[in-house]
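**Student:** Sequence:
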Amino acid sequence: MSALRVFISYCCAIIADISEMRIFYFQVELFSLFICLYLSELSQIIGGSTMAGSCGSSCSSQESQQAAMAQQENAITKSLGKIKNKIIVMSGKGGVGKSTVSVNLALGLANRGHKVGLMDVDIHGPDVVRMLNMTGSLEPPESPDDLVATLDYNENLKVVSIEYMLRDRDEAIIWRGPMKIQAIRQFISDMDWGELDYLIIDAPPGTGDEPLSVAQTIPNLKAIVVTTPQQLALADVRKSINFCKVVKLDVIGMVENMSGFVCPECNAVVDIFKSGGGEALAREYDLPFLGRIPMDPRIVIAGDDGAPYLVTDAKSPAVDAFTKVLEAVENRVPPVAPIQMAAPGAVAPKVAPKAASSCGCGTGGCDTEKCDC
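Residue numbers (my numbering): 69 to 441.
None of these hints come from the bench; they were simulated from the model. Treat the numbers as computed from the prediction; the structure is a model and nothing was measured. Treat the hints with caution; some may be incorrect.
[What the hints assert, rightly or not] The calculated lysine-lysine pairs, modelled on DSSO-like cross-linking and capped at a C-alpha distance of 30 Å, are:
no.	residue 1	residue 2
1	K307	K342
2	K248	K150
3	K383	K316
4	K307	K290
5	K150	K342
6	K248	K161
7	K290	K152
8	K290	K161
9	K248	K307
Whenever a hint applies, use it, and build me the whole structure from the sequences.
**Tutor:** See the structure below:
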């Protein structure tokens, strides 16, 4: 009877999860993949018997599922091959301003002429769409073999969020781990990201399914860890740093957000609580410190209004501080010029020899006292 109860509960879980898939139209064949995942787990619970051959036409075959996964892996590899730098913005603590940092980092890099993608993997609490005041929805491709077009904030910034796929933006997403993992993989494999200098990934707080899935799916991923100065936040951020060590993520640096308060009248920064905790933690773990960003009420209002403060002409110590963070990120993770591969059989162009100068550089020798080149 206990095995039967387990089986019934898993069947209910399958039905519930598939009903949630109404908002996910990319690959209908993944329905059977999720069923196989549940049945595989169930088989281990009720005795370890092999169920792949007994689950009927809904499961297809183990080979076809492996082929589907291999196809997705190839699509992920192909998509990531066009993206030069991948950065996840994370923290062990909620409410420290990860989404604010992610959105303004992406916007700032885009405003500097870089091609940027912003991917919101906070499945249960996506915010970047509202912070950018973007509307619209992701449309299914004309052909199953086509990629899904991203939504563009401007010509340099592409955005993907689970919120684009909801019929009602206030709808709760009640998903288990496998559903979230697959959604994140599809964000990479099925989206038409194109050529990007930077892909900024806004992660939920903690070290659970979402950041782990990103870390396991995206090679050469780097991390920015966000914290506030308070000891309670720092205690949780230590877990994020140790997470990066375990999964071997290179930490670009730490950002101390809400470090002081900007007076809206005179722009003076006042430490109404404390500051310096993030910088001290960076020293403790021997990590780069990217900078402190003070709390400015105008930034909060701008985020609520969908008009990020960084792209306005307003003057604020917070804007100046974030500009320094942008410069630090560019210096530590510069956009790499794409390598131009010669076409098969192409002949390299002939380069004309350099004319000799008065110092003899063009003839194999150089008189440094006469060098004019």
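**Student:** Okay, which hints does this one fail, numbers in order?
**Tutor:** Hints 3 and 5 are the ones this structure does not satisfy, whereas the remaining hints hold.
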